[in-house]
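**Q** Add chain A to chain Z, keeping to what the hints say.
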Amino acid sequence: MVLTQSPAVRVALSVAIATGLYGLSFGALSVAAGLDLAQTMALSLLLFSGGSQFAFIGVIAGGGSGISAMSAAALLGIRNGVYGMQVNVLLRPSRWRKLATAHLTIDESVATATGQTDPDEQRRGFWAAGIGVFVLWNLFTLVGALAGNAMGDPARWGLDGAAVAAFLGLLWPRIRAKEPAAIAVVCAVVTLLAVPLVPPGVPILIAAVVAAALGLAGLGPATEGLEPGVEPYRTGHPAPTRGDV
Amino acid sequence: MSLWGWILLAGAVSIATKFLGFLVPAKLLDNPKMLRVAGSLTIGLLAALTAVNTFASGQSLVIDARLAALAAAAVALWLRAPFLAVVAVGALAAGVARLLGAA
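Chains Z and A, in that order, give the protein sequences.
In terms of this note's numbering, the first sequence opens at residue 284 and continues consecutively.
In terms of this note's numbering, the second sequence opens at residue 650 and continues consecutively.
What the hints contain is simulated information worked out from the structure, not anything from laboratory work.
One should not assume that every hint holds.
[To be verified] Simulated coverage check for chain A against chain Z, where a stretch passes if three residues somewhere in it have a Cβ under 8 Å from a Cβ of chain Z:
(1) 654–666
(2) 690–703
(3) 711–724
(4) 729–740
[As the list claims (entries may be wrong)] Only part of the chain A face toward chain Z is listed, based on derived beta-carbon distances under 8 Å:
(5) L669
(6) G670
(7) F671
(8) V673
(9) K682
(10) L684
(11) R685
(12) V686
(13) G707
(14) A743
(15) L749
(16) A751
Idealized CB from N, CA, C, for every residue including glycine.
So here's chain A without its partners, still in its complex pose:
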């Protein structure tokens, strides 16, 4: 399937997931196990995406300017900067690290 196919399928799955929540009985909300799984999935996926985008280059692990972006973003978040500022700080840090000779 082409990338377009996967994009449209991802959209359809997203709408279906949200809609499903409106169809199931509200009682399911009381199931702590299901809530735990959904919560830890969200955290695990975001952590995995952060790690991959920082260290992966294809199938190898590298340390490059993106690590500076991670560190700078963490400092910005710790200082309670808004999301857009955090993103800008990340870009700036990676750019500066490259100017200073990082890969």
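Excised from the complex, chain Z in its bound form:
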């Protein structure tokens, strides 16, 4: 089968382009937060998970310490471990492919793969989206970082406003139901109450503890919040819910 005729590959490419483009905003915001070009690229190449990368630079931009930034990124990345379990069941990669498959396990590749029913299409979708996003995300991170360096003072260009919008944009698709919305509000309030009391960066970790406790208490969403924050199949047939996987 010609790859360009595969519906999964076509979806994967459009997802890769859309996601890759917002690497522009990550690159620009990262240098605005005070990271240099090489550090920004290291995050996109090695950490390679948009939410966690934004979390890392978001903590640094607020004056937080390296350990707070790393912790926030690590906690936000826990969902990737859950995706890993799903992908492992779905694709059954051989032992030697596991590490590459794991590194490409992100919102976009998982959403593209799980949106398909045919195992071959799932496989094509995963790899096309994973590799496509990886290449374009890193390319546009570089472009964004270079542009950010050339722009100078971030506040003058409203880049701090861009960071706010980016976080809201990452949160938005996950709060369609009442319970996730309640968790979001509680965690935001707890964070703001903690800001004057503890060093920068720590309020975010306190919110994480509260969120985990809410989840443990059964108040959390059963599925919401864990679904990838992207909907590659929104315009075509509806994306299947987790229960369909």
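**A** Chain A alone, transformed into the frame defined by chain Z:
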């Protein structure tokens, strides 16, 4: 540890987290409690990051041009704008608010 150290460690933790998912038995996926915790963590952290980036300035809370960015981004998201457009709208709103005299 320097910032570089934390960046490399964050990368290593990220890869390890993803890889761990491939090593544990698939049965764990059936544990609703674990899924709930992972889901609410994701939501809680993103909400916290949104709040901090909007209102925190060091250890104080301030209302400045970033609030305009939050409001504009919410409207853009409500209108189903794509992510990159939302980010651009946020930047534009903060920039315009500052032109109009906001801190």
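**Q** Does each hint hold? Answer for all of them.
**A** Hint by hint, here is what the structure shows:
1. 654–666: holds (count 12)
2. 690–703: holds (count 14)
3. 711–724: holds (count 8)
4. 729–740: Coverage by chain Z holds here, the residue count being 9 at a Cβ distance below 8 Å.
5. L669: 5 Å, holds
6. G670: 2 Å, holds
7. F671: 4 Å, holds
8. V673: Holds, about 6 Å.
9. K682: Cβ of K682/A sits 7 Å from chain Z, so the hint holds.
10. L684: This interface hint holds because 6 Å falls under the 8 Å limit.
11. R685: Given a least distance of 4 Å, the restraint on R685/A holds.
12. V686: 4 Å, holds
13. G707: Interface hint status for G707/A: holds (5 Å vs cutoff 8 Å).
14. A743: Holds, about 2 Å.
15. L749: 12 Å, violated
16. A751: Violated. Min distance 10 Å.
Checked against the numbered hints given earlier, the structure breaks hints 15, 16 and satisfies all the rest.
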